[in-house]
Amino acid sequence: MKFLQFSVLPFLIVILSLNGATLAHPYGDFLHCLSLRISNSSTISKVIYTQNNPSYSSVLNASIQNTRFSTPTTPKPYAIITPRKTSHVQSTIYCSKNHGFQLRIRSGGHDVEGVSYVSQVPFVILDLVNFQAVKVDTKNEVVWVQSGATTGELYYGIASKTQTLGFPAGICHTIGIGGHLSGGGFGILGRKYGLAADHIIDAKLIDANGRILNRKSMGEDLFWAIRGGGGNTFGVVLAWKIKLVPVPPVVTVFTVNKNLEQNATKIFHRWQYIAHKLPNDLFTAVWIMKVNSSQVGKKTVQAGFRGMFLGGVDELIPLIQHEFPELGLAKENCTQMSWVQSILYFGGLPIQPVEILLNRNALPRSSLKAKTDFVKEPIPETGIEGFMNMFLEEEADFAITMIEAFGGKMDEIQENELPYPHRAGILFESTYIVQWTNEEDAGTYINWIRRLYSYMASYVSKSPREAYYNYKDLDLGTNNVNGYTSYEQASVWGLKYFKNNFKRLVQIKTMIDPMNLFRNEQSVPPLWSP
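In the working numbering, the protein residues as written are 415 to 944.
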């Protein structure tokens, strides 16, 4: 025992000094615990980043996509842990659990409310940035992808091996796959194949006790919960096994822009009755934003009708002309390309070179607030006019609403198949986003999007007013981040995201993490009494 004390203590002092911390700090016990368990000096310096470490800020900011949460007043983690192997994750869980630090888990940093890297109580970040492996097996049409990989890295990995397999996830290529799969994941293949989470066939999870679990050992209840029930809730999912889907070598994309002077309101009104009934091979969306008018110095509102068809242009044109002639789709509006290039097209990026999918900094970052709705009945023209007019307001200069058609495969899946319940009967999902550059003006823009959301209340789903978990909205309600949260309190937001699946999620959470180690402002709480 004396030899152990003699050899370890100087080692720890050296390591903690390298990271700008000493055991006198309030988080010294946590760092002491973690350093002892990692027990390799060269590894520790690449895994533990404390606030005085020269690399701390760059590591923290590397994947903060919403700059609203990177201000000087934003609460910062006491440390950032960037594990390089599974045992580092287990050690972080153990030390966090035993020394009272809240754990926030980050994969890509796209959490729009910042809850994967911000907390109002003392916390550390477990950043999965080093867990990026993508292993594609084209023979069996499966991929093992680690949670720290981005959707772009996944897509690139698939496309580098095959042109006839794809995966139905989102269009933003910098999203961390861990968070995306944890919330469901809808994209341009959604009408054909459903959610990304519908195609998860196995996973590697570490629970609150440090156990490594796969689908068989975790059981079907927990496996159900992690496929859409939210990240940082049931454990740390390190990797996912996903089933790929067939795609043709050539797909066709199109964009037709219509502004208010070109009957955008009437054409969108008509689109609502058609889009969810179109063949499953055709995905369409409408993007609403303010643009310059043809009249000098004036603004108008543009509806961008966008689509992706799993086939050639010669098949698409007559289909649209028959089903939706009001759009006026012409061949010059269309481009044929590969499926993976269509991801770049919808993401607003050049379709060549596809290596841009590997660039985590290809998209500009800004401050933003987002909200979502699901629509079950067509909105009347008068309602659309009022909605469009709000985009002419000054605060909407950098606002967009992305409206994505449902139907197809989404109508065929029961709402309790996975935690994500927004299935049959949904015409489309609306995602409202407002951005700004000056943080002093944040309140003005947030008030605008809240007014827009309030205006839309009459036209969207009700009882509950449904919302998409992957665009978290803390306006819907929050947990107590430190202490007991009742089922009644959590159900205020939980029923909006999960509907009747919320009760089952709470029961599973109580079984797997009864002490609520994995938690945030909108994580499923366990049932227990304080």
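None of these hints come from the bench; they were simulated from the model. Cβ coordinates follow ideal geometry from the N, Cα and C atoms, glycine included. Please note: incorrect hints may appear among the correct ones.
Quick list of the computed label-pair ranges, beta carbon to beta carbon [to be verified]: (1) N861 to G725: 17 to 27 Å; (2) G897 to T487: 44 to 54 Å; (3) T487 to R865: 17 to 27 Å; (4) G442 to N803: 23 to 33 Å; (5) N671 to M925: 48 to 58 Å; (6) S780 to K680: 26 to 36 Å; (7) P764 to Y687: 28 to 38 Å; (8) K511 to N852: 39 to 49 Å; (9) R451 to S877: 16 to 26 Å; (10) N706 to N512: 40 to 50 Å; (11) P732 to T669: 35 to 45 Å; (12) T500 to N861: 13 to 23 Å; (13) A838 to D811: 45 to 55 Å.
Hint by hint, here is what the structure shows:
1. N861 to G725: 17 to 27 Å: Violated: the Cβ-Cβ distance is about 45 Å, outside 17 to 27 Å.
2. G897 to T487: 44 to 54 Å: 24 Å, violated
3. T487 to R865: 17 to 27 Å: With a Cβ separation near 26 Å, T487 and R865 satisfy 17 to 27 Å, so the hint holds.
4. G442 to N803: 23 to 33 Å: 57 Å, violated
5. N671 to M925: 48 to 58 Å: With a Cβ separation near 51 Å, N671 and M925 satisfy 48 to 58 Å, so the hint holds.
6. S780 to K680: 26 to 36 Å: 32 Å, holds
7. P764 to Y687: 28 to 38 Å: 35 Å, holds
8. K511 to N852: 39 to 49 Å: Check passed, 41 Å falls within 39 to 49 Å.
9. R451 to S877: 16 to 26 Å: Roughly 49 Å apart at Cβ, these two residues miss the hinted range, so it is violated.
10. N706 to N512: 40 to 50 Å: 59 Å, violated
11. P732 to T669: 35 to 45 Å: With a Cβ separation near 19 Å, P732 and T669 fall outside 35 to 45 Å, so the hint is violated.
12. T500 to N861: 13 to 23 Å: Given about 45 Å between the Cβ atoms, the range is violated.
13. A838 to D811: 45 to 55 Å: 37 Å, violated
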